[in-house]
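These protein sequence lines map, in sequence, to chains A and B.
The first sequence runs 213 to 566 under the numbering used here.
The second sequence runs 3 to 285 under the numbering used here.
You can trust all of the hints, since none of them are fake.
So the derived list for chain A, only partly shown, Cβ under 10 Å to chain B, looks like this:
1. Pro277
2. Val284
3. Gln288
4. Ser313
5. Asn389
6. Glu445
7. Arg552
8. Glu562
9. Thr565
Chain A is nowhere near these chain B residues, computed Cβ spacing over 12 Å in every case:
10. Phe89
11. Pro166
12. Val271
Just so you know, the hints here were simulated from the structure itself, not pulled from any lab data.
Quick caveat: nothing in here was measured; it's all calculated off a predicted structure.
We put the CB at the ideal spot given by N, CA and C, even for glycine.
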Amino acid sequence: MKRRSFLIGTAAGMSALAAPALLRAQGAPLKVGTYGGFFQDSFDQHIFPDFTAETGIAVESIGEPTGEAWLVQLEQAARAGQAPADVSMMAQVARLRGERSELWAPLDETAMANLGNMPEHFVHRYADGRLYGTGAVSWYITLVSNTDVYPEAPTSWQALWDPANADRLGLLALASNSFLLEITATTFFGGTDILGTEDGILQVLAKLAEVKPNVRLWYRDEGQFQQALASGEIPMGQYYHDVTGLAAAEGQPVRSTFPAEGAVLDSGSWVVSKASSMVEPAQVFIDYMARPEIQAKLSRNVGTAPTVDRALTDLTDDEFAAVASDLPPILPQYELYIDRADWVNQKWSEMITG
Amino acid sequence: MSAREAPTPYWLGLLPALALLVLFLVPFGIMLAVSVAGREAGGFFTWGFDLASYARVFSPFVGRILVTSVAIALGAAILAVALALPFTVILGGMSRRAQTVVLVVLLSALSLSEVIIGFSVNTLLSQTAGVGNLLAWLGLLEAPRAFTPGLFALMTGLVYLSFPYAVLVLYPPVARLDPELAQAARTMGASPLRTFATVTVPLLRAPILGATILVFVFVLGSYLLPQVLGRPQHWTLSVHITDQAIYQSNLPFAAAMAVLLLAVALALVGLSLLVTRERRTGT
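So that you can see chain A by itself, here it is in the shape it has in the complex:
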């Protein structure tokens, strides 16, 4: 009698405990992280509603802080078994660091029919071949200027070194998000090959140090620079082509220029935290984002360059030119911020604060 009631009680208790969890799992939205602010607003408006309408998967939009702040939060949360977002858009340095610590959940390629649209460098795999992410969007870091202060657009990255621009520039504060080493190497050392050795990196850093008297603001927070650029307080610098184009379209006196040496081409990728319990709907989402028409929609509405081959999309020449350039881009040397990260960071800090 006692045993029986105990069993009944336990069974009831177990189902009472389990039921809400089951219900929650079924009805839980897929948490998708994109950079807070303009990116998130655009996705909320143009992407998530259509995705939910087609697949029936509800999306909870999460605003991520830029770059590696989000990686650290995902790492810490995953150690506690939590996933603040199921799918996240990660810049490449953060994506690779997450790969090193196996933070990303392996994905099932057979469930992702659109994977073939992606060029090989946007299909991310672990060393053993397991798929864990795909390219989400590409963006350019260009030379930006205030049109009131500079009626003529600058044409070269060399403008950053021009003594006439003393105390007028806003540059990103970190080696791993400014890619100023690559910009300097391409502008003055004929390409990024020189960054292959520590001696070469030091030479490039010495050249970059010459730019310091011109820099008024080394920014970590994008918003800090965007406002100063529009007001003319800090009338030149490096910034994102997509956001600058949007600000110009709103009538702000700013412009984005692809310099003769090329603009920096960086990108964000979709990855899933290993602590997520929503890997299947996450795969549906990532696969949906790899469709050419969705990539074209992003280019038109968010101003990012497509990660699938342009020929697959229906973007016109003008539409493509608005988000990209035919000039060969400056490609970030990601291994500098992965394998040599601590050394490069130390030398960078010494250069910038010295």
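Add chain B to chain A, keeping to what the hints say.
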């Protein structure tokens, strides 16, 4: 002597003790553990015992940043207390009603976040919207110019941020000052300034030191204002800790630098305890 006679039940002390344990000692323990964890290049960290991060902390580079941080904090503390002292003494001489109004205004300034203060000072000292325009209009400057970022802007922000704390520490002892002492000095022919310098300030020596140490420790941890209002050479240790923790995902190095910062702060709290003991034995 028995617990029954104590005005406050002892078990009430358990609550703050528990809070101290949960909110300070446990996180501090985790920080210590992380500071000796192994850094994985390009990855995160693995638990273990590795002193490599401390080896990097005890370098000329970090030493220079620590000296910068201490100098900035000390400068801001001295400035804030130097401004707060005459302010508080004058406040103490006002009517009760006026004192209440001033203190309420001061307390409301405390509710402003560091972000708001930083961006306000930044705008106030900017070229396009700041005081430079006023000075140019008055003919004091040829053309509007920016006074930010720089040491002046940074100090302005830090002193604004810490001034209310300095006043709040100084206010109780100032309010308790015997006005007859200053009056006696005045009847003996001392000027108001001389009375302030030779009677009021020496009487307040211990609270002045206490306020300076409080503001110093408070400013030592500031990380936002040096970024917004300072140039890279003014970035404090806290800014570099944030860079390592948030942007380089190098938590062991960040934790080791944080331990160093905490040790410096604790050394100064020790100093303040020493000063308090001196004052007790002195009276």
